[in-house]
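Quick mapping for you: the protein sequence lines, in order, are chains A and B.
Note that our numbering has the first sequence beginning at 1, numbered continuously upward.
Note that our numbering has the second sequence beginning at 390, numbered continuously upward.
Hint data in this document are derived by calculation from the structure and do not stem from the laboratory.
Glycine is no exception: its CB is placed at the ideal position from the N, C-alpha and C atoms.
A portion of the hints provided could be inaccurate.
Stated by the list, open to error - Residues on chain B that point at chain A, a partial pick, calculated with CB under 8 Å:
1. 432
2. 436
3. 605
4. 643
5. 739
As the list claims (entries may be wrong) - Partial pick of chain B residues on the chain A-facing surface, computed with a CB cut under 10 Å:
6. 555
7. 603
8. 604
9. 607
10. 612
11. 616
12. 639
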Amino acid sequence: MEVYLDNSATTRVLPEVAELMTKIMCEDYGNPSSLHMKGVQAENYLRYAKETMAKLLKVNEKEIIFTSGGTESDNMALTGCAFAGSRRGKHIITTQIEHPAVLKTCAYLESEGFHVTYLPVNAWGQISLDDLRRAMTPETILVSIMYINNEIGSIQPIELAGAMIKQINPYTLFHVDAVQGFGKARIYPKRMGIDLLSVSGHKIHGPKGIGVLYIGEKVKIRPIIYGGGQQMNLRSGTDNVPGAAGMAKAAELLYHHYDSDIINLYQHKKYFMENVRRIEDVRINGLVPGKPDGEGTAPHIVSVSVPGVRSEVLLHALEDSGIYVSAGSACAARKPQPSATLKAIGVEKPLLESTIRFSFSVYTTKEELDYTLREMYDKIPMLRKYQRR
Amino acid sequence: MFTAFLIKYAEIAIKGKNRHLFEDALIHQIKFALKKCEGKFLITKTQGRIYVEAQGEFDYEDTIGQLQHVFGIVGICPMIYVEDEGFDRLCETIVRYVGDVYPDRHKTFKVHCRRARKNYPKESMEVNADLGEVLLNAYPELSVDVHEPEILLNVEIREKIYIYSEVIPGPGGMPVGTGGKAMLLLSGGIDSPVAGYMIAKRGVKIDAVYFHAPPYTSERAKQKVEDLARLISKYTGPIYLHVINFTDIQLYIHEKCPHEELTIIMRRYMMRIAEHIADETECLGLVTGESIGQVASQTMGSLIATNEVCHLPVYRPLIGFDKEEIVTSAKRIGTFETSILPYEDCCTIFVAKHPVTKPNVNIIRRHEKNLDEKIEEMVKTALETDELIVVQ
């Protein structure tokens, strides 16, 4: 049996999405910038993609830019806004548990003379609005906060933060990295005070190499890629038509059964956590106190610490049974240093190296979870028996 | 502009009556290496020299690169060759040669002629003097130094006339295949690939064995070892890589033997298994990357303990090397970057905090008796499930 529980790393592309993309790549392969029929045809797919994404986010289609993915969206949002707004101030606020696409970009901006405040998080991975309020200065041009954390699934108070930022300084821009959040929570930038929003295609059963950056119409931003002037001069480069259309198709399908899917996911998460707790001495990270069933956290991410078993070993042991999970997060898993997010929520040192992440998709079944639990019951005691002494 | 190469080899030249065997092996290895390059090459052996001549278009840099991976080659001299169309044409050719190869000609030079074709109208000394004069007239900034010239211009008169002046260093050593075959214990670390390289350099063909311990070591760790084998195979030719699943044996030792002795006993079993495969594949020795005192299992005492389980000689070419020296070699042969990828190998997963550094062989043997019940069967299974990967 193959059970893929690493959906926060990437997801399976849906057949409908692949079909549409194959048609575009093999038949309607024109360049939207071309004047002829083939170009017009391709442009129609691009329009469909922008309209779809705009509709789902309840924004204007002119505010949708296609990028190469979450990382480029984050880079463009931060760098583009920082340089465009540097005359008003050079202060940026973000959190300690952002994805490297944000953290490393902030480090770059620091080297370019910007000041960055990194907000701490509490034991379940949330920032405090008081901290945010205190960090805001008249110099603050940008606040960047992720919607759902990719490692522990904590959800930030985005709507409250958005309102507060605008109340303190209407000129401060608010960027939200919703790479994990899109499709798992209803996100409407205009109602939430969000000026920029990053979304990725391959986390929602769409293709890799495509993402969206929502840029509110009043936002002043500079491009980070120059060239032929596509996408209103903001993001040059031949339009990735199959990618954009594929992503839009995936997003559309995602919203078909949105509410029931989310309920199912939470049920799966609750069921899985209840049964994981039967294993002696395990800990689930990032839960809100008093809410053991996972309320207030992402519906699809469960971070489990299994003392006495190194994460990599447990990962490979489960892999042996066809179960695919992640040690930390895929982006951090190939580096030996322990996860910054787990450290930020105060996970103690021995547990840092004994933590794995399960991430579900709406297509995950109860049978798959039962099989995974059985294999864990079976393997963990054996793995614990053989330890470094 | 260069269309041929003279291959210089040193040690082979002194191997007496076996010399042709070594030369043939070198030609074989050169042919094999050049198969990976664009272009066709004619390889000839005449009068104690090996020539590589490109037949038409070829990639110069790539060809040099491949030749630099062939053990036995001491130097590679890029040459041009021309038909003998009279001395005047030769003068034109040599002037053009110096003009093309040396844009800055504020240098000293000397012409060195070898007249293998004795019916050539001029004697060597005459050719030297006349060509020298022609060059001095063409490029007044040149000057002659017959003792330590910066440019040594070689002119060889055979059926054709060959001109060369540059020597690009080769790796040295002896052609692979002239020295038998050995089994390399290849881990994912920095040392063992270098050890394999060094033994191969003495003309030895290399096969390798890797001990895999899933789920404690990952697929990526195995892939890394395969990648390392591929990097060494650029020098050694195809490597037969045996992947042995070692998990059960390792866990059994962990269960039955004192923890401080785990690594030593584990290594004894690795040696036994490696030797078994070596015997079956006609290898004449084992090769490891050990260096005295580098870790607990590599003290002289520990080496006695791992050595005594083998009847084959165990070659440890790095035995007197410091880590720094090994790293330098690994960087030079191109395995370093791959070796430092952070995947755990099976030697480190259960390592004790304080492993024995002065093991008593008698005690080790006694503790190994704890394994009597199952170990033979486990070793047999490990050997039976040997996964063979041909790396090239």
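* To do: Run the structure past the numbered hints and jot down the numbers of the failing ones, going up.
  => 1, 2, 6, 10 and 11
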